[in-house]
Amino acid sequence: EPEVTQTPSHQVTQMGQEVILRCVPISNHLYFYWYRQILGQKVEFLVSFYNNEISEKSEIFDDQFSVERPDGSNFTLKIRSTKLEDSAMYFCASSGGQGSTDTQYFGPGTRLTVL
Amino acid sequence: GDSVTQMEGPVTLSEEAFLTINCTYTATGYPSLFWYVQYPGEGLQLLLKATKADDKGSNKGFEATYRKETTSFHLEKGSVQVSDSAVYFCALKRNRDDKIIFGKGTRLHILP
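Taken in order, these protein sequences are the chains called A and B. Under the working numbering, the residue at position 98 of the first sequence is numbered 98, and the numbers go up by one with no gaps. Under the working numbering, the residue at position 61 of the second sequence is numbered 61, and the numbers go up by one with no gaps.
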């Protein structure tokens, strides 16, 4: 069964450093998403991406965040200058289409620790 | 704004016990409702969904009914197994939005 994969599974970085989290969505999917979960809190939507541009973003997704689909298979989340409060589990997801009936398939997550 | 509230965990049950995990939501309009499950070391997997009032979603012995009058989507299973131990997330999505709004998750432990 096709699945979403994410690398690395755990990333440790120093405050102020840039990090890039990588995701390989399901191959025939068109919509891509990032969510995050701070320890003990809810899973929160960050951004959705379609046709090489951001479709929707939350207020969390400020100028320090960016997303990119650099080639036909990868989807990345970049955090330009990490803060302590960026420590969280980051989930990538993809779906075949938009709309409530289209299931979003999630990856296993990348745990980001900012020291 | 829209939100999902689910019962606090952890929930610990013996094998073959009856399971209920409560979930209520606040949303304008008619969102679709979901239960996702996260097994240890894995991603969020869709367990079941319902897209309109009175729909019942079901999968792997789990069921949940979309109750608009009580704004609820409680998860039930008649006889749980040790392999059901996981974190369960209730969630909603409005048709016009991309984002899924999740509850905090409920950790379920099943004892043999």
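Bear in mind the hints are in silico, worked out from the structure with no lab data behind them. Each hint should be verified, as a subset may be incorrect.
[Said to hold, decoys possible] Quick list of in silico lysine to aspartate or glutamate cross-link-like pairs, DMTMM-like style, CA-CA up to 25 Å:
| hint | chain 1 | residue 1 | chain 2 | residue 2 |
| --- | --- | --- | --- | --- |
| 1 | B | Lys104 | A | Glu59 |
| 2 | A | Lys42 | B | Asp84 |
| 3 | B | Lys56 | B | Asp2 |
Given the structure is predicted, the values throughout are model-derived calculations rather than measurements.
Right, here's what the structure says about each hint:
1. Lys104/B - Glu59/A: 19 Å, holds
2. Lys42/A - Asp84/B: 21 Å, holds
3. Lys56/B - Asp2/B: 22 Å, holds
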